[in-house]
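In order, the protein sequences belong to chains A and B. Position 175, counted from 1, in the first sequence is what our numbering calls 175; the numbers after and before it change by one each time, with no gaps. For our numbering, count along the second sequence from 1 and bump the result up by 1000.
Worth flagging that the hints you see were computed from the coordinates, not collected in a lab. Please note that the accuracy of each hint is not assured.
[As the list claims (entries may be wrong)] Stretches of chain A that chain B covers, calculated by requiring three or more beta carbons in the stretch to come under 8 Å of a beta carbon on chain B:
#1 25 to 38
#2 94 to 103
#3 208 to 219
[Said to hold, decoys possible] Some chain A residues close to chain B (C-beta under 8 Å, calculated; not the full set):
#4 Y3
#5 L4
#6 S6
#7 T79
#8 L80
#9 D85
#10 L88
#11 I89
#12 A90
#13 V139
#14 I261
#15 F263
All C-beta atoms, glycine included, are put in the ideal place defined by N, C-alpha and C.
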Amino acid sequence: MEYLASAGMLIGIYIILAASYNLIIGYGGLNTIAHPIFFALGAYTAALLGIGTTLPSVVCVLAGIGVAVVASVALAVTTLRIEGDYLLIASLGFQLGLLQLVNNFEFTGGPAGLSNIPVTITGPGRGWLYLLICAVLAVVVVWLIWRAMAGPFGRAVRAMRDDELACAALGRSLFTMKIVIFAFGCGAAGLAGGLYAYYFQYISPEQFNVAQSATILTMVVLGGIGTTWGPLVGAFVLVALPQAITFMQLPTSLVGPLQGIIFTVLVILFLFLRPYGLVGKREAGVAH
Amino acid sequence: MEDALTLILAGISVGSVYALIAIGLNLTYWTTRTMNFGQGSVMMLGAMMTAVLVAGGVIDALAALASLVVIAAIMVFTEVFTVRPALKIGGSMGWAVSTLGVGIILQGVAAKYFGSQAVAFPDMVFSAQDYVEVFGVRFALQYLAILVLSVALVALLELLLRRTVWGRAMRAVSMDADLAAVAGIPVRPIVLGSYIASGLLAGIAGMLIAQTGGTVDPAFGFDLMIFGFVAAVLGGIGSSSGALLGGLVLGVIEKLVGGYVSTAAAHGIAFALLVVVLVARPQGLFGQREVVKV
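Model the full assembly from the supplied sequences, consistent with the hints where possible.
In structure tokens form, the structure reads like this:
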């Protein structure tokens, strides 16, 4: 049963990641792929504080969110002036640069990562208690995003995505809107990081590399970019599928390529069959 | 002093290869406005296939040629099955996933069939020990050969783009594909051609870098591709000469930092440079500001 709980944790964490990433690229139209680095910042901050201090775990996770938000605002202020594709490259550079640092610093454990993250909840109900916390937080994040995007702010954000010039001409500060959605999205990724670190008690740099960017992006695209439920469906499918594959007990050398093939084939199939994702409607697609 | 000169020459040589990668990335960016994240794996596959074929007794040139043919086929596949369908839906970012996916698959396939360990890359023209002495400073012949070959390729490509009908057609497509189609330019073959050319450049670049490093493994291409992006951004994504300059600057900085500080720092510097340049001069160090018409 512990296995089910940990699979549920993964789904919950990825729902937070995919939903917040969807806020940034789907609703906001900000093409960054650096989402995993904010996931990493949250995870590493929470883990390092947990190991090095006696602060309660809630404070550590909150600190992780704080660091992710600060880093995201720093990145946003400097790079959001850049448009579209350049932003993509800049975010990639930011992600790989920071990962390079994590890989080389001593206090982050280098490439081996951190494995001595303290236990916070013990006992037989640990997995289920974590799952409950994670589920509640995921619901809160998704609800907040849904709430914000259904209201006037959401309409302004979508207007910005579809036509920046027209939106600015109507008196909206694009820059402020971009920073707000970026900071919120990345803060949520930091939260996911804190949860991940405390539950799995092991983090390493390679969990936050570009393959992770691809995974989260696939979830969003597959589920339906710019929709409320799309990222949830995408996260569920893409976590459940590899778990199902591990049940088939294939040799490990096959698992890596197989995952790549599954991601790619799914995405390509979907581009042909359901171009706007599993739950997306035609008008949900973004016209640039 | 001798050290610095050696490092700078090595930097220029490696930088010229980064330029090849950058131009390869540019070509497909111009025609489809997408970035091919599979490029790194294509580079790796080219170098690795060549190494494995040569180890299996195939003549060097034939092995390289066979690898390039395979790469060209992969690039055609990439365009037809992963980029084109994704582009039908504007703003879906599907191409980012699908090209990355191709990269992950290729990496997996290489690990499965060629092994995940590093494979020794054969000495093709000069060995790492051959050198010439100029003013008492030793220059590795390998680096000189790479530099000459890369610069010649860049010049050839520039010539093709500016002087031939196909080159002009490609530039027309990159400016406005719809208008080019209206003018009777066969857009599809041109786009396919840009992917093949991009793959060939990547394949050659992969072999050249593997030659200087001596080995190649399945994870080999990704960082190189990022360096290609950095070179392209440094020079401004619009131009081949910019990419060449960007590549050279990046190569020299990388080698100097690697030689005097540490190789780990060299990577960090490259990424920092990327972000700084994008923020300060989004059009690139040598590029011209793109005028946006409203």
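Consistency of the hints with the structure:
Beta-carbon proximity to chain B at under 8 Å applies to 4 residues in the region 25 to 38 of chain A; the threshold of 3 is reached and the given coverage holds. Look at the region 94 to 103 of chain A against chain B: 6 of its residues bring a Cβ nearer than 8 Å to a Cβ of that chain, three or more, so the hint holds. Counting residues of the region 208 to 219 of chain A whose C-beta sits closer than 8 Å to any C-beta of chain B gives 6, which meets the bar of three, so the coverage hint holds. Because the beta carbon of Y3/A sits about 26 Å from the nearest beta carbon in chain B, more than 8 Å, this interface hint is broken.
Using the Cβ-Cβ criterion of 8 Å, the hint placing L4/A at the interface with chain B is not satisfied: the shortest such distance is roughly 28 Å. For S6/A, the interface hint is violated, since its Cβ never comes within 8 Å of a Cβ in chain B; the closest pair sits about 24 Å apart. The restraint placing T79/A at the interface with chain B holds, with a minimum CB-CB distance near 6 Å, inside the 8 Å limit. The interface hint given for L80/A is broken, as the beta carbon of that residue sits about 10 Å from the closest beta carbon of chain B, more than 8 Å.
Contact between D85/A and chain B, as hinted, is supported at the beta carbon level, the nearest pair being about 7 Å apart and thus within 8 Å. At about 7 Å, the closest approach between the beta carbon of L88/A and any beta carbon in chain B falls short of 8 Å, and the interface hint on this residue holds. Look at I89/A: its Cβ gets to within about 5 Å of chain B, closer than 8 Å, so that hint holds up. Interface restraint check for A90/A: the shortest CB-CB distance to chain B comes to about 4 Å, inside 8 Å, so the restraint holds.
The interface hint given for V139/A is violated, since its Cβ lies 26 Å from the closest Cβ of chain B, which is over the 8 Å cut-off. Given the 8 Å rule on beta carbons, the hint for I261/A holds: about 6 Å separates it from the nearest Cβ of chain B. The criterion of a C-beta within 8 Å of any C-beta in chain B is met by F263/A, whose closest approach is roughly 5 Å, and the hint holds.
Violated hints, in rising order: 4, 5, 6, 8 and 13; the structure is consistent with all others.
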